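A.B. asks: Here is what each chain is made of, one letter per residue.
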Amino acid sequence: MLDDPLALARLQFAFTAATHYMFVALTLGLAPYILFNQLTAVLKGDGARMRAVRFWGGLYVVNYAMGVLSGLVMELQLALNWSGLSDMFGYAFGAPLAVETMGAFFIESTFLGLWIFGWDRMGRWAHWTCFLVVTATAYASAYWVLVANGFLKWPAGFRIEDGTAVLDSPWALLGNPSALMAFAHVATSALLVGAAVVGAVSASHLRRGHDPDRMFHRGVRHAVAILLVAVFPVVAFGGLQFPYVGQDPPTSGTTYTAEEIAAIEAGASPAVKAAGTIGGDVVMMTSWLLITMVAGIGALVWLARRLDRWRWFHWMLICLPALPYLASVGGWVFRETARQPWVVRHHLTTADAMTDLTPGMAVASFAFFTAAFTALAAVTLWLLVRFARRGPEGGPLAPAPAEPDREGGEPVPARTL
Amino acid sequence: MELIPVLFLTALLVGYFVLAGCDVGLGMLMPYLARTRGERRRAVSAAAPYFLGTEVWLVGAIGVVAGLFPELKTAVVTGMWPVFSALLAGWLLRDAGLWFRARAEAPSWHGLWDAAIVGGSWTIAVCWGLVGGALLAGGTLASPFAAAVAALVVVLFLLRGAAFGAERLVPPGREADDADGPVGGDAVGGAAGSVGSVGTVPAARVAQTAVSADAAARLTRVLARAGLAVLAVAVLLGAFPGTLDGGLPLAAAAGAALVAVALAATAGTEGPGRSRHASALAMGVMAPAVGVGAALPVEPVPGAVLTLVAVALAPVVPLMVVGQVALYRMLRRPASATGFFAQAAPAVGVGGGARTGAGRPAGISRFRPTAVGGPQGRESHGA
Ligand code: HDD
Ligand code: HEM
Ligand code: HEM
Chain E
609 MLDDPLALAR
619 LQFAFTAATH
629 YMFVALTLGL
639 APYILFNQLT
649 AVLKGDGARM
659 RAVRFWGGLY
669 VVNYAMGVLS
679 GLVMELQLAL
689 NWSGLSDMFG
699 YAFGAPLAVE
709 TMGAFFIEST
719 FLGLWIFGWD
729 RMGRWAHWTC
739 FLVVTATAYA
749 SAYWVLVANG
759 FLKWPAGFRI
769 EDGTAVLDSP
779 WALLGNPSAL
789 MAFAHVATSA
799 LLVGAAVVGA
809 VSASHLRRGH
819 DPDRMFHRGV
829 RHAVAILLVA
839 VFPVVAFGGL
849 QFPYVGQDPP
859 TSGTTYTAEE
869 IAAIEAGASP
879 AVKAAGTIGG
889 DVVMMTSWLL
899 ITMVAGIGAL
909 VWLARRLDRW
919 RWFHWMLICL
929 PALPYLASVG
939 GWVFRETARQ
949 PWVVRHHLTT
959 ADAMTDLTPG
969 MAVASFAFFT
979 AAFTALAAVT
989 LWLLVRFARR
999 GPEGGPLAPA
1009 PAEPDREGGE
1019 PVPARTL
Chain C
4 MELIPVLFLT
14 ALLVGYFVLA
24 GCDVGLGMLM
34 PYLARTRGER
44 RRAVSAAAPY
54 FLGTEVWLVG
64 AIGVVAGLFP
74 ELKTAVVTGM
84 WPVFSALLAG
94 WLLRDAGLWF
104 RARAEAPSWH
114 GLWDAAIVGG
124 SWTIAVCWGL
134 VGGALLAGGT
144 LASPFAAAVA
154 ALVVVLFLLR
164 GAAFGAERLV
174 PPGREADDAD
184 GPVGGDAVGG
194 AAGSVGSVGT
204 VPAARVAQTA
214 VSADAAARLT
224 RVLARAGLAV
234 LAVAVLLGAF
244 PGTLDGGLPL
254 AAAAGAALVA
264 VALAATAGTE
274 GPGRSRHASA
284 LAMGVMAPAV
294 GVGAALPVEP
304 VPGAVLTLVA
314 VALAPVVPLM
324 VVGQVALYRM
334 LRRPASATGF
344 FAQAAPAVGV
354 GGGARTGAGR
364 PAGISRFRPT
374 AVGGPQGRES
384 HGA
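These protein sequence lines map, in sequence, to chains E and C.
Here my numbering = 1-based position in the first sequence + 608.
Here my numbering = 1-based position in the second sequence + 3.
By construction, these hints were calculated from the structure, which means they are not laboratory data.
Here the structure is a predicted model, which means the values were calculated and not measured.
Be a bit skeptical, because a hint or two may be false.
Stated by the list, open to error - Under 7 Å between C-beta atoms, here's a sample of chain E residues computed to sit facing chain C: (1) S694; (2) M710; (3) S877.
Glycine residues also receive a C-beta, built at the ideal position from the N, C-alpha and C atoms.
The following block holds chain E by itself, in its conformation from the complex (with noise of 0.2 Å):
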C-alpha cells in the first residue's frame, strides 16, 4: 500500500476528515448550548450562570482549536492532493468553499477573538451579540461545506464544456437536495454530540458530589432534554437520504456515457463500499437506537426527580457520548464509501482526482500529517478531559485571580455579571 499514492491520499483524506469531524461536531453542538446559557445569564443578570458559561466556553475553545488546525489541513489537502477536482470543477466545488472561509470563517474566528478578549471590556449585549455570531457562521460553515460536500454526491446546476464544468444555476448548487438534507442531519446530530458530552461532564461531576453554582444539576437537565428533542429530526433527516444513494444524479451521462459509467464503477472493487456503507449504517442505527433509549430513561428519571441522584444514570451518561461521536464517523463512512469510485459522481473518478505525487511525496505527507494530526488530537482530547474534570474554578476562561500582593491597588469588580 505504500507503494500506492492513491490509497495513501484517500486514506489520509479520510482520517483529515474524520478527525476534523469529531471536533466539529462539538463545536456545532456547543454553540447553541453556551448560546442559549449566556442568553438567560444575561436576562436574568446571574453571575452564577455566567460562570457556568465561561466553563462550558473553556471547553469549547480549546475544542475550537482543533477545529480550526484540522480545518485548514482540510483545506489545503484539497488543494495540494486533489487537484484534479479543482481543475474541473473547481468553480463548482470551490466556489461554496471560498464563501465558507470568507463569509463564515473569517468571522466566525474574529469574534470568537471578541468574545475570548471582550469578556470584561464590553457590555453583556454586546459580548452575548458576539457569541450569537460565532454560533450562526460556525453553522454557515457547516452548510456551506456541506453544499461543496453534497455536490460531490448529487452533482446539478452545470454544464460540462472542453471537459470542465460551467456553472449554470447557482440556486442548483445552494438548494441541492444532497447539500440541505446532510445539513439538517448534520445539524440535529451535532446537538446529540453537544447534549451527551454536556451530559457526560455534569454526570461526572454530580457523582462527585461536586456542584458548584448548581451548573452540572442544570447540565444533566438540559442534557436530557436536548436529546429528547434531537433524536426524532435525527432519524428522520437521516432516512430521507436514503431514496438518494443508489439514484443517478441529474447531470448524469453528461461527462461519460451510461455505458463507460457501468464499466468504471463495475471496475472499482465492492468489497470497501459494501463494509463501508454496511458498516456505517449498522452504527448509525445502532446508537442511535441506544441514544434514544438513554434519553428515554432520563425522561422517566426526570419524572422521579432523581436525575441528580441516581448514580447509576450517572454512569449511563458519563459513558453515551462514545455513541454518537461513532454513529458521526459511521455516517460519514458511508457517505464518502458509497460515492466510489467517484469523486463527483458519474464525471470524475478519484483516481482522475488525484495530484500526480511520486510514492515518496505521498508518503512523506501522509505520514507527517497523520503523525501530527494524532499527537494533536491527543493533546486536544486531553486538554478536554482535563478541563471538564477540573470544573469551573480551573478552565481556560475562568477569570485569573487577583494577586493579594500586587501593585497598582484595588481589584475592580468585573463587568459582565
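Following the hints, complete the assembly by docking chain C with the ligands onto the known chain E.
C.D. replies: Same frame as chain E, but now just chain C with the ligands:
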C-alpha cells in the same frame, strides 16, 4: 469584470502579509527577544490574540483562489507542492503552539510549544520567500535570484515582527498612568529574572525595564539595513537578462523601489520610529509585486459564480469589517502577561496546585477582574 475579484484577492493577500507579518515575525524573533519565562509569556500573548484575526485573511485568500481562480491555483500551488506542504506543516505546528502553550504550566510543556511557534514561524516565512522567489524566477526554486528574493522576504518578516515587538512587548505599568490589571506572580518573577538578582523588587519597578521592547526597537534599524543589502543583491541578480523572463520586470522593479523606500525610511533612525508603517508598506507591496511581476494567470470569473459569491458575501462584508476593526482596537495596547493565550488557568483542586495562597476558597477569585480583561481595557474600548 475580473477586476473586482482580482482586487478582492489582492486585498486579502495584502491584509494577510501586513497583519500576519506582525505575529509571524515576532514568533521568529522569540529566541532573540524573549529569553526569560516572563518575556516569552509576554511575546506569546502579543502574538497569540493577533493570529486569530490575521490568519483568517490567508484562509480567505486560499478560498478565493480555489473558488474563483482555479487556474491560478494550478499555476501556483500545484507546481510548488513541496513548498506549500511545508508551509502547511509550519502553519499547523505554529498554531498548535500558540493554542496549546498556555494550557499547562510545566516548563517542558512551554519549551515544546515555544519550539513549535519559533520553528513554525520560520517555516512560514521561508516558504513564502521561496514561493515569491520561484514565481518571479519563472518557476524555478534553484536560482540565486530566487534565493535572494526568499532572503529578502524573510528579512521583511523579521522587520515587521521587530516593529511590532517594539510596541507590544512593553510591560504594562511603564506608562505612569496605566493602572494595568493583574500582573501575574510568574510574570513578575520572569521580569525580575531578566534584570538580575532583584527578586524582591516590587512589580511596578521591575516593569520599568522593557528589555524585549528595547531590543526589538534596536533591531529594526539593523534589519532595515540588512534588508537594503539583500534587496540590492536581488535587484542585481534580477537585472541579468533572462532572469525575469515571462514576467513583467517593470512591475517587479516598481515593487523593489517601494520596498527600498520603505527600508531606507527606517534604516537611519534610532528606535522603532517609522518602522511600523514602513514595514507595513514593504509587506503590503510584496504580494502585488510578485503577482504582477510574474504575470500570474487570471481568467475572467464566470458570471454565475460571481453572482453566487457576491450574493453570499455582500450581506456579511460589513460584519467582517466590524469584527476586524473591533478586534484590533481591543488588542491595540501592550500585551498583557496574563490571559487566555499567556497563562494557564489557576488549577484549583486537581493537580497543579493553587497559586493564590492556601485555604482561600476558590469562589472568591471569581468576582475579580478576569485574566483576559483588566480594567484598563475600558478606556481603550470606549463603552
Ligand atoms: C449522532 C450522529 C448520528 C446518528 C445517531 C445517526 N446519524 Fe446518520 N449520519 C450522521 C450522523 C448520525 C452524520 C455524521 O452526520 C452523517 C454523515 C453525512 C451526513 O450527511 O450526516 C450521516 C449520514 C447518514 C446517511 C448517509 C447520507 C448519504 O450518503 O448521503 C444516511 C442514509 C443516514 N445518515 C441515516 C441515518 C439513520 C437512518 C439513522 C438512525 C437510525 C442515523 N443516520 C443516525
Ligand atoms: C464535507 C466535506 C467533505 C468533503 C468535501 C469531502 C471530500 C472528500 C474527498 C475529495 C475525498 C477523497 C476522494 C475519495 O476518496 O472520494 C474523500 C474521501 C473520504 N472522506 Fe470525505 N469529504 C468531506 C467530509 C468527510 C467527513 C466529515 C468524513 C468523516 C469521516 C469523511 C470521510 C471520508 C472517507 C472515509 C473517505 C475515503 C473514502 C474512500 O476512499 O473509500 N469525509 N472525501
Ligand atoms: C461535514 C463536514 C464539515 C463540517 C460540518 C465542517 C464545519 C466546520 C466548522 C463548524 C468549523 C469551525 C471550526 C470549529 O468551530 O471547530 C470548521 C473549520 C474548518 N473547516 Fe470544516 N467542516 C467540514 C468539513 C470540511 C472540509 C471538507 C473542509 C475542506 C475544504 C473544511 C475546511 C475547514 C477549514 C479550512 C476550517 C478552519 C477554518 C474554518 O473554520 O473555516 N471543513 N469546519
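A.B. asks: Tell me if the interface restraint on S694 of chain E is satisfied: Cβ within less than 7 Å of some Cβ in chain C.
C.D. replies: 5 Å, holds
A.B. asks: Given S877 of chain E as an interface hint, is the shortest Cβ-Cβ distance to chain C below 7 Å?
C.D. replies: 28 Å, violated
A.B. asks: Using the nearest Cβ pair, does M710 of chain E come within less than 7 Å of chain C?
C.D. replies: Cβ of M710 of chain E sits 5 Å from chain C, so the hint holds.
Hint 3 alone, counting from the list given before, is not met by this structure.
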